[in-house]
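Undergrad: Residue-level listing of the chains:
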Amino acid sequence: MNLDDVDKKLLKLIQADLPLAPEPFREIAESLGIEEAEVIGRVFNMLEAGVIRRLGAIFDSRKIGYTGTLCALKVAVDRIDEVSAIVNSFPGVTHNYLREHTFNMWFTILAESKTKLDEILDTIRQSTGVEEIISLPAEKVFKIRVSFELD
Amino acid sequence: MLDEQDKNVIRELQKGLPLVSRPFELIAGRLQMSETELIERVRSFERSGMIRRFGAAVRHHDLGYTANAMVVWDVPDGAVDEVGQSMAAFKEVTHCYQRPRHPGWPYNLFTVVHGRTRDECVQISEKISKKTNIANYRLLFSTAELKKSSMRYFE
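These protein sequence lines map, in sequence, to chains A and F. Note that the numbering used here has the first sequence beginning at 1, numbered continuously upward. Note that the numbering used here has the second sequence beginning at 1001, numbered continuously upward.
Since the hints were made in silico from the structure, they are not lab data. Be a bit skeptical, because a hint or two may be false.
Calculated pairs, BS3-like style, for lysine-lysine (alpha carbon to alpha carbon, straight line, at most 30 Å) [unchecked claim]:
no., chain 1, residue 1, chain 2, residue 2
1, F, 1015, A, 114
2, A, 9, F, 1148
3, A, 116, A, 9
4, A, 116, A, 143
Cβ pair distances, simulated, as ranges [as the list claims (entries may be wrong)]:
no., chain 1, residue 1, chain 2, residue 2, range
5, A, 140, F, 1130, 21 to 29 Å
6, A, 137, F, 1036, 34 to 42 Å
7, F, 1102, A, 144, 20 to 28 Å
8, A, 113, F, 1119, 25 to 33 Å
9, F, 1015, A, 36, 16 to 24 Å
10, F, 1003, A, 78, 48 to 56 Å
11, F, 1003, A, 6, 39 to 47 Å
12, A, 129, F, 1037, 47 to 55 Å
13, A, 60, F, 1147, 20 to 28 Å
14, F, 1130, A, 65, 35 to 43 Å
15, A, 91, F, 1144, 16 to 24 Å
16, F, 1049, A, 47, 38 to 46 Å
17, F, 1015, A, 145, 18 to 26 Å
18, A, 113, F, 1127, 39 to 47 Å
We put the CB at the ideal spot given by N, CA and C, even for glycine.
Please build the complete structure, drawing on both the sequences and the hints.
TA: Printed below as a string of structure tokens:
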């Protein structure tokens, strides 16, 4: 999808903050000098095209009581599909990437408690047979920025 | 602690904001609360930090940021706070976390660096390395995305 200037301005506004007001799209429309229906139409198109992944609340998983970690595994190349199918089958696994390192599979996982999290990791160890899984929970967060500058 | 109604609000909100003039009124109807009550509840979630941001989550790929690297750094324990803050100050760094070391894994500071190309990520990392004097680091480019999904809480 090609974004025009209005799309880019709109994205910039709604990325940073959507007004918590009864008519959020009208407020955005007013600051852009266009109609509310046009804002809704453009947002719809960007959602359809996948430019916008989601619109609404982005939660801080820790603050709502979830525990998370980043895990790294050493998986034999011929077992990647099999192991990733098992890892990805857990709903708490939100991201999983292959990376260029002997620890080649990296996934993030969230669970309702530390106990639950450890149970899932044990299950993954047992059902994949992969012994080298390290868990690297964030000990300190220096930055987490999800908004992006658009030129 | 979250009560049952809080969890219901979270369950509804994570479906995404409906694209109508009065989205909160629509959601509030499903939750049997008023529009004003719902907006107030969302504001209180934001104040307490449970909602980090209320807005659009964007796919970076579609904005020309096609390369990103997880860059991992081996930082002396006593310097982690200072170096972490210094790295976080770079605009190309979107995430910066301290994580534990493990046998065979010496890196304790993790950053995500965004660039338009792979080379740009390499250059940004060199720049960060020089600025912070951390020489032992690695770029871990992703070669495949195996899963990327939004978390569904309380489901």
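Undergrad: So, for every hint listed, does it hold in this structure?
TA: Hints and how they fare:
no.	hint	in the structure
1	F:1015 with A:114	holds, 26 Å
2	A:9 with F:1148	holds, 26 Å
3	A:116 with A:9	violated, 43 Å
4	A:116 with A:143	holds, 27 Å
5	A:140 with F:1130: 21 to 29 Å	holds, 23 Å
6	A:137 with F:1036: 34 to 42 Å	holds, 39 Å
7	F:1102 with A:144: 20 to 28 Å	holds, 23 Å
8	A:113 with F:1119: 25 to 33 Å	violated, 43 Å
9	F:1015 with A:36: 16 to 24 Å	holds, 22 Å
10	F:1003 with A:78: 48 to 56 Å	holds, 49 Å
11	F:1003 with A:6: 39 to 47 Å	holds, 42 Å
12	A:129 with F:1037: 47 to 55 Å	holds, 51 Å
13	A:60 with F:1147: 20 to 28 Å	holds, 21 Å
14	F:1130 with A:65: 35 to 43 Å	holds, 41 Å
15	A:91 with F:1144: 16 to 24 Å	holds, 21 Å
16	F:1049 with A:47: 38 to 46 Å	violated, 26 Å
17	F:1015 with A:145: 18 to 26 Å	holds, 25 Å
18	A:113 with F:1127: 39 to 47 Å	holds, 41 Å
Violated hints, in rising order: 3, 8 and 16; the structure is consistent with all others.
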